[in-house]
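2 protein chains.
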Amino acid sequence: MKFGGTSVADIDRIRNVARHVKREVDAGHDVAVVVSAMAGKTNELVAWCRDASALHDAREYDAVVASGEQVTAGLLAIVLQSIGVTARSWQGWQIPIVTSHAHGAARILGIDGDELIKRFKERKEVAVIAGFQGIHKESGRVTTLGRGGSDTSAVAIAAAIHADRCDIYTDVDGVYTTDPRVVPKARRLDKIAFEEMLELASLGAKVMQVRSVELGMVHKVRIFVRSSFEKPEDIDPMSNHPPGTLICDEEEIVEQQVVTGIAFSKDEAQISIRRVQDKPGVAAAIFGPLAEASINVDMIVQNVSADGKTTDLTFTVPAADYQRSMDVIGKARDTIGFDRIDGASDVAKVSVIGIGMRSHAGVAAQAFKALADRNINIRAITTSEIKFSVLIDAAYTELAVRTLHALYGLDK
Amino acid sequence: MKFGGTSVADIDRIRNVARHVKREVDAGHDVAVVVSAMAGKTNELVAWCRDASALHDAREYDAVVASGEQVTAGLLAIVLQSIGVTARSWQGWQIPIVTSHAHGAARILGIDGDELIKRFKERKEVAVIAGFQGIHKESGRVTTLGRGGSDTSAVAIAAAIHADRCDIYTDVDGVYTTDPRVVPKARRLDKIAFEEMLELASLGAKVMQVRSVELGMVHKVRIFVRSSFEKPEDIDPMSNHPPGTLICDEEEIVEQQVVTGIAFSKDEAQISIRRVQDKPGVAAAIFGPLAEASINVDMIVQNVSADGKTTDLTFTVPAADYQRSMDVIGKARDTIGFDRIDGASDVAKVSVIGIGMRSHAGVAAQAFKALADRNINIRAITTSEIKFSVLIDAAYTELAVRTLHALYGLDK
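These protein sequences, in sequence, are chains R and G. So in this note's numbering, the last spot in the first sequence is 412, and the numbers never skip. So in this note's numbering, the last spot in the second sequence is 412, and the numbers never skip.
Okay, chain R solo, but in the shape it has when bound (with noise of 0.2 angstroms):
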């Protein structure tokens, strides 16, 4: 069980936890739950560090941004045992959680369950584990797995201790086919693949972090995404099933739609470069500038040269990186050669993912003509095994997000 910095932001929602916990124990479960520092300690933490020093030692960092997941791994052991429930705290070393050196964002090396498992065979006790922390074991220093790690702490532990399912408790009630406040008849899906969930997390749905998606599909770790706001009375009574959604292999899921959702993001701005040198080398001559500026660029279009001499190449940045973009391509106007750049900064991207399309033809063109429909302009498209992506107008992101939505018949 994880419950991230909202849900344990107070003693209150400490106790709310606490009886989630004592729930599964009693079904007869054995339980390690992690959890994340109180909401808004990390944020003072951090404060902190960067008013000490702008520079800071990623090792002191660290040293101090974990202290606040040790204190409400504590108070939620305290808590649990004041309502009967046998549990004891770990820290990141105690266990230990054993990461690399890359202090601030650490990767998970090994994490040994074995003492965790011996205590809940002889005890029942339930393991606490301050979360989005290890040890780098030649140093003994603390190590952070950097923001949103208690994720990725979650599915390692699960892993480590060979758990039936990792449940990841967040402020909504599971996975859904897009963005409800865009279209309100969105469905909370019951299942979704680990790959079709590594691209709804990239594309900006903020469920779950890609890391700890990509860990469990690695490790084989089932996932499911549920309310910490669930009350008993929502859990199905006929199937015993608790509200969510479950991130697993895509041979569990038994029915598998074509399109499973559909993700977008707007704040794109989009920057096409007219008639360039079609040579090797000048991806590099416009990209090696952009990554030098830390510019995160996205899609990358390229058409075939028609002449076989010169090309247009378009592709897309952050919207508040667009006029920072255009200065950086057009400093380089020489070593790169083109003819004009032109773009525009209000561009939004809308994706459409499904695991089903890998057997599917025609998924694409069914889109292509839907939003033509509706005098959609289709600025670029990008495609995957399993998802592709248009770039529109932004004005027509929710339009375009609710015909889709329909179209593959997301709403039922």
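Honestly, the hints are just simulated from the structure, not real lab data. Some hints here could point you the wrong way.
Just so you know, same-sequence chains aren't split out, so a pair can sit in one copy or run between any two.
Below are the SDA-like pairs computed for lysine to any residue, each with C-alpha atoms no more than 20 angstroms apart in a straight line [claimed, not checked]:
hint	residue 1	residue 2
1	LYS121	SER139
2	LYS118	GLY140
3	LYS41	ALA9
4	LYS309	ARG333
5	LYS137	GLU115
6	LYS41	GLN256
7	LYS231	ASN16
8	LYS41	ASP51
All values reported here derive from a predicted model rather than from experimental measurement.
Following the hints, complete the assembly by docking chain G onto the known chain R.
Just chain G now, kept in the frame of chain R:
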């Protein structure tokens, strides 16, 4: 060097601490710094634990509360690095500071100072150490030493690294002959013997924790009490000595005064039991029930029986416990056997401390005469090798302290 919570209350004050450390490093010293939690933080963490459960697991309490010092240590290391001082933070378990398993009030069993000394030699690296905490080796769990434990951490670490001196930075600039708010002529002592400081500390002079003075005495760690508000211009240019008080072995004090200081405590209450049976077991019959009621008995005065059958017995308790104590003794009347009880809840204890008393007769007699000259009635007297205490009406406290302060030449 040790800095308390007020000295590290925010980043600006931590910067001030860093300047003190840099000054010592620039003077060529190897430095270990022990820090408390930022002022208020420990109280916040303790309140959360209490809120989580009135009866909380002391091991979890320790895991939560120890986080405060961890944060300060990391922040000070960051600030030190930013002003060019090589530094790293250490948590109790990293050194390790090995303690007993008495969570919340653990005793330090041993500290391995070798790694710290090695780093002094090889890298000139300042060790910034989280005070108040350690680790219980067998369970691998974090322990705390109890409130005020950072002084103890500092003295124990000073012993482990064979430090020349342990500087305790506080909000006063040393130990005074008595409270300057009562006697404006009170003087700062340049030196005081461990034994004298122990008496002063336990009698209510709040400069240092009793435990840490004891530890200094046992391990022969010279402790220097000085102010964290000290400025460079406060240092005497002739002697190069900063203002402060050195707590040291009595041999180091060349010109030993007969009397070193006057301590006092108001808020005492006196209870006298008249015509108690003078037989074995009576003291137990009186003080047993008081101990069971968690009432802290201080002075106990019992005279030799005049008639061989009965005697009067007087003792003091905190004024807040006066009525409760009277009730406890009243209930135990049958088992104790006495004529009547009387008492007063507005008395004060004034104590005169000085190692020189050992070799000077008549020191106490001078006091009794001086107090009599001022018409101050002495209710009871207790003495030990290096101090004597008198119980008087609370209204005369200031007059008595000023009289004795002048009598023993402490005004000069």
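How the hints compare with the structure:
| no. | hint | result |
| --- | --- | --- |
| 1 | LYS121 / SER139 | between (33 angstroms within a copy, 18 angstroms between copies) |
| 2 | LYS118 / GLY140 | between (25 angstroms within a copy, 16 angstroms between copies) |
| 3 | LYS41 / ALA9 | both (9 angstroms within a copy, 17 angstroms between copies) |
| 4 | LYS309 / ARG333 | within (17 angstroms within a copy, 113 angstroms between copies) |
| 5 | LYS137 / GLU115 | both (18 angstroms within a copy, 16 angstroms between copies) |
| 6 | LYS41 / GLN256 | neither (42 angstroms within a copy, 53 angstroms between copies) |
| 7 | LYS231 / ASN16 | within (10 angstroms within a copy, 51 angstroms between copies) |
| 8 | LYS41 / ASP51 | both (15 angstroms within a copy, 18 angstroms between copies) |
This entry does not satisfy hint 6, going by the numbered hints stated previously; all others are met.
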